[in-house]
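A.B. asks: The chain contents come next:
Protein chains: 2
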Amino acid sequence: MRPYAFGADVGGTTVKIGFFRTDGTLIKDLEIKTNTVQGGRAILPDICDAIIKMMREADICADDVEGVGIGAPGAVRPDGTIAGAVNLGWESFDLEETFSALLSGRLEAAGLQRAETTGPLCVKAANDANAAALGEMWKGGGAGCPDMVMVTLGTGVGGGVIANGRIVTGSSGAGGEIGHIPIAEPEDEPEACGCGKHGCFEQYASARGLVNLARRYCSAHPDKESILRDVADLTAKEVFAAAAEGDAPAIAIREQYFSILGRGLASVTAVVNPQRYVIGGGVSKAGTVLIDGIAKYHEIYAFQPARQVQFVLAELGNLAGIYGCCRLVLE
Amino acid sequence: MRPYAFGADVGGTTVKIGFFRTDGTLIKDLEIKTNTVQGGRAILPDICDAIIKMMREADICADDVEGVGIGAPGAVRPDGTIAGAVNLGWESFDLEETFSALLSGRLEAAGLQRAETTGPLCVKAANDANAAALGEMWKGGGAGCPDMVMVTLGTGVGGGVIANGRIVTGSSGAGGEIGHIPIAEPEDEPEACGCGKHGCFEQYASARGLVNLARRYCSAHPDKESILRDVADLTAKEVFAAAAEGDAPAIAIREQYFSILGRGLASVTAVVNPQRYVIGGGVSKAGTVLIDGIAKYHEIYAFQPARQVQFVLAELGNLAGIYGCCRLVLE
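Protein chains in written order, with numbering that gives the first Met the number 0: chain A, 0 to 330; chain B, 0 to 330.
One thing to keep in mind: the hints can contain errors.
If chains are identical, the list can't say which one is meant, so a pair holds when it fits in one copy or spans any two.
Said to hold, decoys possible - Calculated lysine-lysine pairs in the DSBU-like style (CA-CA distance at most 35 Å, straight line): (1) Lys52 to Lys223; (2) Lys196 to Lys52; (3) Lys223 to Lys196; (4) Lys295 to Lys32; (5) Lys52 to Lys236; (6) Lys295 to Lys196; (7) Lys284 to Lys196.
Think of the hints as simulated: they come from the structure by calculation, not from any bench.
If we strip away everything but chain A, and leave its shape as in the complex, we get (with noise of 0.2 Å):
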């Protein structure tokens, strides 16, 4: 194994790179601006410049390092070609071919290509959310767990499954889309998921999901005092906040949010029997409250002998995607 590696996790706002020792050491990471003009044409080309500005400062050519992965917020099939990324602008293309023809390019551009004798550098590319997912497996909260499931409570609710060490990335790159689990039948949830679907299991665990929980709870019941019904723009953060209080409503309100997280999980477990699931996302900052609830409902629904799970909060934030990106070119 060579002794570098680097990995570029492309956002909507931003592409974050992290520039590594193949043992997972961190060595460097740094934020560009993702260019999504013209289709973002411009955003690949952006990553080579700033990876070999990287190798330059290090002292470093191509054959110091073992590879560069990369994640995008897209389906990238187990080929490697992605079917498209709205939020970059991207249509579908061969991404894993296009990077890795584009960065052998630069870097002989450069003169910090490899030796003719040894091959180009790997380039792998995945699912950003599975790239995250398999960053806790190696450096984060799913340390040390070849079977584990990341979730992502945020905005929406993102999904990330490992099994037998690897991203489960699905014939069309659309494994762990958990999210989207069917919970509801689709005449009893009125408003559609961003999928286009009803019912999906986001409508209802996402942090909106919650809130509309709360909203849903409050219009039934109009005789029950509560803080939330004077806050203007409810957030998830406030009804945990005030079920920390002691609001009765909102303890009401959480108590169900656990229960259809908890119901959901156990849909994941009852398929891929993960050791353990990461928790993430803006609602994770709810903390151990937030864990021991969906521990407590998991419990209920989930298949007996799949029943000891271990729930654990994210550790690499927003790093997560840079290590698993890292990663991938590791295996």
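Once you've looked at the hints, dock chain B against the given chain A.
C.D. replies: Same frame as chain A, now just chain B:
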């Protein structure tokens, strides 16, 4: 790779043993009675004897055999230990290690052992449903699909998930237990599942589940005439037959059953995004009407980017297990 391998699929009544070329050609298969007396202690020795007999008949020794895979009706963990198998009388033990040691000893006693310079035979164990899924991926309905799910619709609902060409065993050997996805609230389902929970997918999607749907439909619609009312011991087969003959309640019940199957499998799709579902078990005798019915509702409930799934019938019948057990040792 050595030219031959064996697969042994242990069931509560018989053990099926397959003698294979390592290219997947089944040379011979046989069944022996499962001797469950005294905690099933004779089962593994009986399998060893049968294998040695087949080796003698083929005039080969252990140097010609890549390995022996064994499947059993219990949770087999990634380390090769089994949590127990009620149908066999087995309690928890190290199945892989025990079987490997026993087989080595018997081969030596028979003068068929490997030359001293080569290592011992490879022995691998798996849950029987997971092994069947691997068998279908290798030489059956899932051939060529490294990401597939086998679903067995019988007395219960069994499953096996293959991702990246490997069984998703899960941390406690309960991967692919899709029959225990919670799909109804416990309070809405009076009858308990075999696992002790209420509201499991299996309670609706199994052959018995279909019969229960039929009973409930007939009770809820006392005014509707149906030939199902005259059947004393209703079976899934009779519901499908009545629907095929145009019996309106039977058609409605069948449609409800397809909807439940489509929705349940859409949950699995959101987690692992398979390319193909392979449907086996007694209910699969309904054939293309079942396949088309599941596909119709899966399309409605599944996450859009993961909808391009193929539904096919299982092809290996009750030989799937020995194929999969053999495949275990060829990875």
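A.B. asks: Give a verdict on every hint.
C.D. replies: Now for the hints, and whether the structure bears them out:
For the identical chains of this complex, Lys52 and Lys223 are neighbours neither inside a copy (61 Å) nor across copies (77 Å), given an alpha-carbon limit of 35 Å. Proximity of Lys196 to Lys52 under the C-alpha cut-off of 35 Å is found in neither arrangement, the shortest distances being 44 Å within a copy and 58 Å between copies. When the C-alpha separation of Lys223 and Lys196 is checked against a cutoff of 35 Å, the pair qualifies both within a copy, at 33 Å, and between copies, at 33 Å. In the homo-oligomer, the alpha carbons of Lys295 and Lys32 never lie at most 35 Å apart, since the shortest distance is 42 Å inside one protomer and 44 Å across protomers.
When the C-alpha separation of Lys52 and Lys236 is checked against a cutoff of 35 Å, the pair qualifies neither within a copy, at 40 Å, nor between copies, at 68 Å. When the C-alpha separation of Lys295 and Lys196 is checked against a cutoff of 35 Å, the pair qualifies both within a copy, at 29 Å, and between copies, at 15 Å. Taking CA atoms no more than 35 Å apart as the test, Lys284 paired with Lys196 passes in both settings, with 28 Å inside one copy and 32 Å between copies.
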